[in-house]
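The task is simple: from the sequences and hints, build the whole structure.
Counted from 1, the sequence shown has number 441 at position 441 by full-length UniProt numbering; the numbering is strictly sequential.
No lab work stands behind these hints: they were computed from the structure. A portion of the hints provided could be inaccurate.
Taking CB as the label site, the calculated pair distances span [unchecked claim]:
no., residue 1, residue 2, range
1, P104, A352, 22 to 28 Å
2, A313, R375, 20 to 26 Å
3, S269, R375, 57 to 63 Å
4, S269, E372, 21 to 27 Å
5, G451, A141, 45 to 51 Å
6, A270, T130, 36 to 42 Å
7, L351, E445, 26 to 32 Å
8, A134, P304, 33 to 39 Å
9, P129, A452, 22 to 28 Å
We put the beta carbon where it would ideally sit given N, CA and C, even for glycine.
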Amino acid sequence: MLAALPRRRNIALLALASFAFFIAVHLRSAYTLARLAHDHAQEAFPVVHEELAPVLPWSPEKDVSEADLEPDQARHSTAESNADGLEPANATLGFSTILAVSKPNSPRQASLAIGANLTGIDIVIPSQPTWTDADIAAVRANNGSTISRGSALAWLGHLNALKWFLSTNLPTALILEDDVDWDIHLRRVQIPPLASALRKLLSNTEDGSTHYSPLQMRPIDMAALRAAHAASSAQQNTLPGPGLPPKPRTKPPRSPAPPSDQTYWGPPSAWEILYLGHCGDFFPATQYTHNLTHATVHDGTLPPHESLHPNTASFLATLHLPPHTRLVHTSQHPLCTFAYGVTRASAARMLADLSQEEENRGTVAWDVRLLEACRDRAWACWSVTPEVFHHVDEYESEIGAADERPAPIAGELRRAPNIGCGARSPEFVDAVGRGGERVVRYVREMAGKEGACGREEVGSWGRER
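Have a look at this one:
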């Protein structure tokens, strides 16, 4: 009996060692997968969290020269110009920064990061404080308030982003809501001719041309892009893939890009709000034909009319616009603030004049307040129609959740209306953890081919085994 004890002890130790080995192997596999997602994010362009107090002013230690700027800020792209002389937009789409309005620890940030990294867009997520009842009361009109609690919280999120922007010395910003999607062709095919059209409209060119040719972009040089952003990737912290905690950015934002980049969308003094993402800026056809300042831009990546949202398709039909055509025009009735550009002057004006509901009448939401400024107060507002950013339909409304309204029934797929090949499509998002750099390379390759997407192929990769 006593002689059997050492043998039993040895068997127990052997079993314990085997179990430990089993756990180690599986932990290593999990770590490898997480590391792959993290390395993919580091190679691509980062989505960063700015943990500095967003409402406090920031003063740089020294002026930053053009030589100190990241390569993608110093010029629009490391890629060569196309036949029309239009280069791909930079990582902030020609603005000085891109800011996402997102509450702390929002689950939306994971796919936002993946979409940004796949398409080479640099997005900053300013920290939001915990809003109090006093903060919400400050948004409400003293008399005649009509805003709900959820809409007031969303309003505060936008004001917070504007304050963060003004705490820097950057000249322009693009503000996104964190549930928006965009086409993988955004940087290379869609943005350059839209910005060119607006520049021409703002400069009052007399050539009489209002149509601009589609871009034929060359494939991305991955080696050149990685080299151009090596310093940035080493300094900035990304929002990693699933399973890894987000890391705060430890450095303040960069100083402004060179003057040539500050006017990518035209002089900041010439516009106040630029709607790149909305849920409709519709107007009568007679206005389009008679007195609407506009330009038409051909875009082969825009879905055909029958694939657009019914309201958008109906509107375009009344204007008799051909397929694959966008308008750049003075804003008439821009609803929703999925993505909008601001300048320092317009951001300061918003904080001074639009931080509260309209007195005695109320305002149901932030986007309506901006709409009224454009429509009724002669603000210098411009829209891109159809939009190039749109919210993903399946995401539960945070406004509705705050107002304790029942969530809508989710769609079969996470799709954004009017977006042909969404960077946040489930096929892309779900494949990142499985394919790593393979997914990045493939999506970047598709982004250089007008009319190409590759969602179905990427979605099948996980089923190949």
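Status of each hint after checking the structure:
For the hinted restraint 22 to 28 Å between P104 and A352, the CB-CB distance of approximately 27 Å keeps it satisfied. The hinted range of 20 to 26 Å is satisfied by A313 and R375, whose Cβ atoms lie roughly 24 Å apart. At roughly 22 Å, the beta carbons of S269 and R375 sit outside the given window of 57 to 63 Å. The supplied range of 21 to 27 Å is met by S269 and E372, whose beta-carbon atoms lie about 23 Å from each other.
Judged by the Cβ atoms, the range 45 to 51 Å given for G451 and A141 holds: they are separated by roughly 49 Å. In this structure, A270 and T130 meet the distance hint of 36 to 42 Å, their C-beta atoms being roughly 38 Å apart. Restraint check, L351 to E445: a C-beta distance of roughly 43 Å breaks the suggested window 26 to 32 Å. Between A134 and P304 the CB atoms are about 50 Å apart, so this pair departs from the stated range of 33 to 39 Å.
Checked against the hint of 22 to 28 Å, the C-beta distance between P129 and A452 comes to roughly 43 Å, which is inconsistent with it.
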